[in-house]
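Enquirer: Listed below are the residues making up each chain.
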Amino acid sequence: MRVVVDYDLCESNAVCMGIAPEVFEVRDDDFLYVLQEHPPEELRPKVEEAVQRCPKQAIRIEED
Amino acid sequence: MPDPIAIVGASLAGMHAAHTLRKEGYDGPVTVVDADPRAPYDRPPLSKQVLAGEWEPDRIVLPAAREDLDLEQLIGRRAEAVDLDRRVLTLDGGDELAFAGLVVATGAVPRRLPGQPDLAGVHVLRTLDDCLALRADLDRVPSRVVVVGAGFIGSEVAATCRGRGLEVTVVEAAPVPLERVLGARLGQVCADLHRDHGVDLRLGVGVAGIDGDGEGRVASVRLADGAVIDAEVVVVGVGVSPATTWLEGSGLTLDDGVVCDETLLAAPGVVAAGDLARWPSRRFGERLRLEHWENAVQQGEAAARRLLAELEGAGAPEVFDPVPWFWSDQYDRKLQLAGRSGADHDVEIVVGGVEERRFVALYGKQGRLRGVFGMNRPRQVMQLRTLLVEGTSFDDACAAARQIA
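Protein chains in written order, with my numbering: chain V, -14 to 49; chain Y, 6 to 410.
Pulled out of the complex, with its shape left as it was, chain V reads as follows:
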């Protein structure tokens, strides 16, 4: 899977980081960084939860 963030929508609420800190990190500059663009399958439930709970619906999963 590939994690795609729409940075035009992202408001750096950091909800995704709270759910999957292995994949998402909001840094001190208040911008979101994707730490693993291709996270391992075992992180899929967490990434899917991040997709659902993003207040801006700025995250999506594309299949490789």
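Below, simulated SDA-like cross-link-like pairs (lysine to any residue); rule was C-alpha separation at most 20 Å, straight line:
{"no.": "1", "chain 1": "Y", "residue 1": "370", "chain 2": "Y", "residue 2": "286"}
{"no.": "2", "chain 1": "V", "residue 1": "41", "chain 2": "Y", "residue 2": "54"}
{"no.": "3", "chain 1": "V", "residue 1": "31", "chain 2": "Y", "residue 2": "29"}
{"no.": "4", "chain 1": "V", "residue 1": "31", "chain 2": "Y", "residue 2": "299"}
{"no.": "5", "chain 1": "Y", "residue 1": "370", "chain 2": "Y", "residue 2": "394"}
{"no.": "6", "chain 1": "Y", "residue 1": "53", "chain 2": "Y", "residue 2": "141"}
{"no.": "7", "chain 1": "Y", "residue 1": "370", "chain 2": "Y", "residue 2": "391"}
{"no.": "8", "chain 1": "Y", "residue 1": "370", "chain 2": "Y", "residue 2": "354"}
{"no.": "9", "chain 1": "Y", "residue 1": "28", "chain 2": "V", "residue 2": "47"}
{"no.": "10", "chain 1": "V", "residue 1": "41", "chain 2": "Y", "residue 2": "58"}
{"no.": "11", "chain 1": "V", "residue 1": "41", "chain 2": "Y", "residue 2": "62"}
{"no.": "12", "chain 1": "V", "residue 1": "41", "chain 2": "Y", "residue 2": "132"}
{"no.": "13", "chain 1": "Y", "residue 1": "53", "chain 2": "V", "residue 2": "-6"}
{"no.": "14", "chain 1": "Y", "residue 1": "53", "chain 2": "V", "residue 2": "-4"}
{"no.": "15", "chain 1": "V", "residue 1": "31", "chain 2": "Y", "residue 2": "27"}
{"no.": "16", "chain 1": "Y", "residue 1": "53", "chain 2": "Y", "residue 2": "338"}
Because the hints were derived from the structure by calculation, they are not lab data.
Start from chain V and add chain Y according to the hints.
Expert: Then chain Y, alone, in the frame of chain V:
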């Protein structure tokens, strides 16, 4: 054909419930009922991007409404009553809808001022149509907008109006904005934020009346201290009440919301989710009813799973007890709160400073950490939210928070 699962309320909680029913493999009929004639939409942009004119309504349609969830959608239809013994809903016009299980998610309705007159130019903000009506009035460039109430909605509307270059007066009965949520000290920070952005902020004074121009349009707002503010547009943002009128006499327990157990079950075959659900939180030792975006998402999901456990014996009922979280965008600041807070809590600034308006404050009570509040500190709020999940003493939390700074 078996009776459907009926979801009354097609906003965030209801649509997440629908999505979850399908995700969990339920393939029976699902009927969604909502009095709002619009396709299900997301509300936070109504006080921000849509009101600002930056986004058009098609951009806020909920993702679940774009999915093919095989729902029967009774959009623009109002549920007027429910008979729990017969498991039948009565819709507007008298039609009956039998159901196997029911998700109650009708949300909340804006409160009005006592004796609030019905004048053109006086608005509340809850629905997309409310937003578009207010936006149309703002497009006419009123000489002044008066916002009554400096809560989250009022504050966001004030910020959006200032962003449009409009003159804004905010009237708040409490001594500072958000005092009940944030307490006096951080409420003052919010007051300063408004004033630095050019808002005429009137604190500690109530509204005595709203007066018209004799032709049905608003002309001014009278304050309790005798001041009169000329206003072409007035936005009343004095909170909401749970939308439970249609449930009166149904047998459901109503007490500032629909009273549920800790699994969100309100009665056999009936669950509640979103702004109207009141449930006992083990974590916080109190009954909560939250009007937060994320709570609506999580409760919609949990309520759907709970209903399936009830109807199909699928899975054990889960206790609903997450750490609540919400955000509010005002001007160039992002306010976030995880957990609980209040004017009676201890408050400690642990990261940054209030002068720069970029800080984290912890809220504690009886020696326990209860809440994490951040202004333009999303990273640290999410990091410290885990302390709430774990359950930490206030002193330990303050020490840990200073470490991560």
